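Trainee: Now for the letters of each chain:
Protein chains: 4
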Amino acid sequence: MQLGMIGLGRMGADMVRRLSQGGQQCVVFDVQPAAVQRLQQEGIDGASTLEDLVARLQKPRAVWLMVPAAVVDSTLDKLVPLLEPGDIVIDGGNSHYHDDIRRGNELAGKQLHYVDVGTSGGVAGRERGYCLMIGGETDIVKHLEPVFAALAPGVAAAPRTADRQQDGSTAERGFLHCGPQGAGHFVKMVHNGIEYGMMAAYAEGLNILRHANAGKQSREIDAETSPLRDPQFYQYDLNLGDIAELWRRGSVISSWLLDLIAGTLSRDGELKDYAGRVSDSGEGRWTIDAAIDEGVPVPVLSAALFARFSSRGEADFANRVLSAMRKDFGGHAEKPGSATA
Amino acid sequence: MQLGMIGLGRMGADMVRRLSQGGQQCVVFDVQPAAVQRLQQEGIDGASTLEDLVARLQKPRAVWLMVPAAVVDSTLDKLVPLLEPGDIVIDGGNSHYHDDIRRGNELAGKQLHYVDVGTSGGVAGRERGYCLMIGGETDIVKHLEPVFAALAPGVAAAPRTADRQQDGSTAERGFLHCGPQGAGHFVKMVHNGIEYGMMAAYAEGLNILRHANAGKQSREIDAETSPLRDPQFYQYDLNLGDIAELWRRGSVISSWLLDLIAGTLSRDGELKDYAGRVSDSGEGRWTIDAAIDEGVPVPVLSAALFARFSSRGEADFANRVLSAMRKDFGGHAEKPGSATA
Amino acid sequence: MQLGMIGLGRMGADMVRRLSQGGQQCVVFDVQPAAVQRLQQEGIDGASTLEDLVARLQKPRAVWLMVPAAVVDSTLDKLVPLLEPGDIVIDGGNSHYHDDIRRGNELAGKQLHYVDVGTSGGVAGRERGYCLMIGGETDIVKHLEPVFAALAPGVAAAPRTADRQQDGSTAERGFLHCGPQGAGHFVKMVHNGIEYGMMAAYAEGLNILRHANAGKQSREIDAETSPLRDPQFYQYDLNLGDIAELWRRGSVISSWLLDLIAGTLSRDGELKDYAGRVSDSGEGRWTIDAAIDEGVPVPVLSAALFARFSSRGEADFANRVLSAMRKDFGGHAEKPGSATA
Amino acid sequence: MQLGMIGLGRMGADMVRRLSQGGQQCVVFDVQPAAVQRLQQEGIDGASTLEDLVARLQKPRAVWLMVPAAVVDSTLDKLVPLLEPGDIVIDGGNSHYHDDIRRGNELAGKQLHYVDVGTSGGVAGRERGYCLMIGGETDIVKHLEPVFAALAPGVAAAPRTADRQQDGSTAERGFLHCGPQGAGHFVKMVHNGIEYGMMAAYAEGLNILRHANAGKQSREIDAETSPLRDPQFYQYDLNLGDIAELWRRGSVISSWLLDLIAGTLSRDGELKDYAGRVSDSGEGRWTIDAAIDEGVPVPVLSAALFARFSSRGEADFANRVLSAMRKDFGGHAEKPGSATA
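These protein sequence lines map, in sequence, to chains Y, E, Z and G. For the first sequence, the numbering used here begins at 610 and goes up steadily by one. For the second sequence, the numbering used here begins at 610 and goes up steadily by one. For the third sequence, the numbering used here begins at 610 and goes up steadily by one. For the fourth sequence, the numbering used here begins at 610 and goes up steadily by one.
Bear in mind the hints are in silico, worked out from the structure with no lab data behind them. The model shown is predicted, which means the values in this text are computed figures rather than measured ones. There may be inaccurate statements among the hints.
Put simply, identical chains are the same to the list, so a pair is met inside one copy or across any two.
Cross-link-like lysine to any residue pairs, in silico, SDA-like; alpha carbons within 20 Å at most [unchecked claim]:
id, residue 1, residue 2
1, K668, K936
2, K944, D925
3, K687, P642
4, K944, G922
5, K751, G631
6, K719, A678
7, K936, D882
8, K825, Q841
9, K719, T684
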């Protein structure tokens, strides 16, 4: 089927390429003309303006937004007046699902349909396919199935689950209508929350392995430094790249994230290219917010989020409070810092 | 090569089968004669006593122990006097690496060699192969390589890591000499610590999804119950089996653990067969102990461990303290419990 | 000065009593006539309706709401039409500070003034005085100072802080204008977040002390139960009531919360009156929400909140996921539960 | 009674002064002669060598060690040969209770008595008195009661607990025989674990208050930075010194730690004297180790410990792993750091 794509950044452009390879017809637009031209050179139909894009699409139109979450609303402000009853808008970016619910209601008032799609896959998605979590009206989602099927990895991307009841769900094909508006981004949000937790599990474990030679280092002996009681147990110099590679085969913790970090550690076991200031783009925060609203305990997912905050220095004042208290009650002077890790 | 296997429980028996299929010659023993007989019926060489086992092995003998960690020492007490200088003992179970170091020293005094092998793979290992993390003397580990290679999954079990330097490491084949005695179980211990964290990440995320319809339920309105401020945001009835299946293809959080839970949720989305009392078999605890000794922060891995403790009621007294304090300062009576989840 | 009080529950009634003893004139109202009559019998001026209350107050009127957060808005719906420009409404309950900001704006449109007061002190407040965290317009807060001073504990309630600059702040008297509307409940919210963390610190510590005899108990020996490696280190039967009492004098962790729990443990070291289902009334949740918005790591405060959720069974499904995974990869059957703690 | 004191650092010297004021006779020794001379100038009996100290003490001798935990054993190596059956050694420092149990057994073989005393109070102890947690043989502890009573704060240091049964416990006087050898340091260890949790609760809460003006700052708008959805809710510039002072009177979270931090924040609201590298001296670690052995969940106490580790850069490698993974799957470049907090 035909699809208009707005937003040709890394994700949007690759999705257009995968759609075209999958036999879907795309018309594309971006505020940066160069981004449109790049795809035009690959044989994709490009539009020069939003009006141009809308004019080139058959009715009912289907327009996919793949723009930063912060500009979805301003893009809709320009796009919606150009559309006609029955047209469909799809937000495939990282919107907060609260915004989906609001937008869905607003567009419904204009007889437009709104579909939210949480998209996972990252830079590997063009080859691997994208995992699509979809929210919206049932018949509209059904109507868009050719698009979703072309973007998704397909059944063959993983071994079939034994005994799985073949009940018509598209889950095995890599896309799923999760529920009404917002459900797609809700499920994607939690997906990213899980991702934070998994990443932290690997990161903490690898950090323990890296310090398995702690007994070889001398520690200062003073009242401010906890001594290592049994240094003989920490004499291992471990090869993290080899260990991560090892775990990829046959172990309980094999995963795609492990595949990635094994490759990186194999090339640079010290990760010298990184300073360790870890960003978070929002979904991890929203996941904790949702858990709190629901009254669901998330000690692991929240600890993973807060470790990222701390990596960026956001605990600094709290730490100064702790040092001040130690000085106040115990007379402990703060030890001057030395580069660690 | 030839290997003696002591301990024919679920793991030990399957490992013998895989070794035999891989062309290795096994002589087996278990304190339960029936376990020996089962393998004899499959054509494996069985021994009736430890003495018999030792007698049937060529020198230098290699004897693999696959017994509960709690009986390794008592088994060694009987086995070691039967061995001769140059013989090799391998502990493939879940020993604490401190015990490996002690045993290695003890056996060295008798001119025996000790190798510790952390074995991951679980019930699927017979088919998938076992991921082997190995500690011990370099030449001894090298000598045992045919055994390790037969047990491990082999290179083909996962896509090759791009740009990986071919430096002679066996990591890609699914087994690795990690370091001196104890290194194998140390790496396996941390592996299990990571496993706890990953499992908790999935479990917490799925719990959030399951309660995504919290807004449909009425909450009591009283000072003891935090109200759900925006029930309209929690109206989703999500199909967890479908969602887990969906994530298996193309998503960032795909993994072998996800493969497993997707299958189980597909069959029983409520997990009615389980009460939620989660055991821990020790490695998760030892991982936190090691991190604390090293001074490495593990907020995620520890939270995962403590959630298991709490699932077994071990927080009950702490919770009673909290309720008592609330009564004392605020006059809050404890709300009677009702089945939740 | 004169104050109208709406809401004569435990907190409201005691505050009226303290105000009267402090020389302030109160006119009181409650939807329950009996609550009004109780205070009338103590010589307090009671009103039969909201209209009656408003009629009895001198202009500009000051009306203090001490009602459940869930009915503040509906109470305002009835009260506000009765007020006149220049009148003041004070919300002394547990409102979310977002609501304060909204209400402040709404009332400003009617030339009414809104003041939010976070009130700490609990059932002991009538004797000890209430700690008051205040948000609102500077001149209005100044105008109400006699009321705040009568409710607050006063300087003598604690030793003066050495070197404290006498800059006109009322902090030492037990009440403080923290900032514009919402600031009072914001500071009270964080106060309660800290309270959760402190309570959990005591509760976890006391739980460790209570299990200091773990080495005296026999543990099952199986692969599902982590053995206690050194039972000789856990042979202490400790008297928790005595220990809590001990810590009240001279220790770094003495506090008012400790005073309370020492008394309770002295009477019932087992806390048999409690089941350990710990409620949370909202402020702890909002504290974590605010921290996440700000990007501030709160691993301790969030862990305290989530432990309360878990105490009410809200982790049950997550725990079932964990047990299911353990069965899937390791063949581990869930151990039947037995009462612990 | 008469007491020998070895170790005249900050704690030891002040304890001698308090003992002398309390009518106990002290003979003191330190490896630094100047430390002995300082107390001699205050009229205290000083010894020039260990032999001299022992010679000046009446039998059965009581010798209190107040030396760094790391040198207790080497001090005992020199002291014990000078003692005679029936003499008593007291370790009042921060020893691990495992060491107490070992030393107690060793000294019992020589008919010497060993008493462990966990001492809380810090630099304020000389004036406030010291909270003493005691482990050892009942009759020996009873024999030393005059010493403990002189060091402890006494009943008057806090309001009596209502309804407390007067059962002969010395808890109200500020010292307590907690149990057999090691029990004193065990209780002190957990005391410090609680202290870590309480300190972190205040520190995290104050950090939230400090960032309550986050909405006034502009954030970068890019895919790497989570936007603040509602900046209007974070417009407060709060005075932390005033708020901490406020909470000291009438609030649920008043405590001695709060008294201290209120004073410090009053003098320097920015805590400019501190960099935020928070030391830990061991007891917090041992508390978590003990909890893990007992199977007691300690999510809050452990989070407090790990935040200290992270404050010293010990999470750096884990954070680099996270940044590397984000680059690998999402193409996210790490944002350059800028000083925050």
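Trainee: Each hint: holds or not?
Mentor: Each hint, compared with the structure:
no. : hint         : result
1   : K668 to K936 : neither (72 Å within a copy, 40 Å between copies)
2   : K944 to D925 : both (15 Å within a copy, 18 Å between copies)
3   : K687 to P642 : within (17 Å within a copy, 58 Å between copies)
4   : K944 to G922 : both (18 Å within a copy, 13 Å between copies)
5   : K751 to G631 : within (18 Å within a copy, 50 Å between copies)
6   : K719 to A678 : neither (22 Å within a copy, 37 Å between copies)
7   : K936 to D882 : between (37 Å within a copy, 11 Å between copies)
8   : K825 to Q841 : within (8 Å within a copy, 30 Å between copies)
9   : K719 to T684 : within (16 Å within a copy, 37 Å between copies)
In summary, the structure is inconsistent with hints 1 and 6 from the numbered list given earlier, while agreeing with the others.
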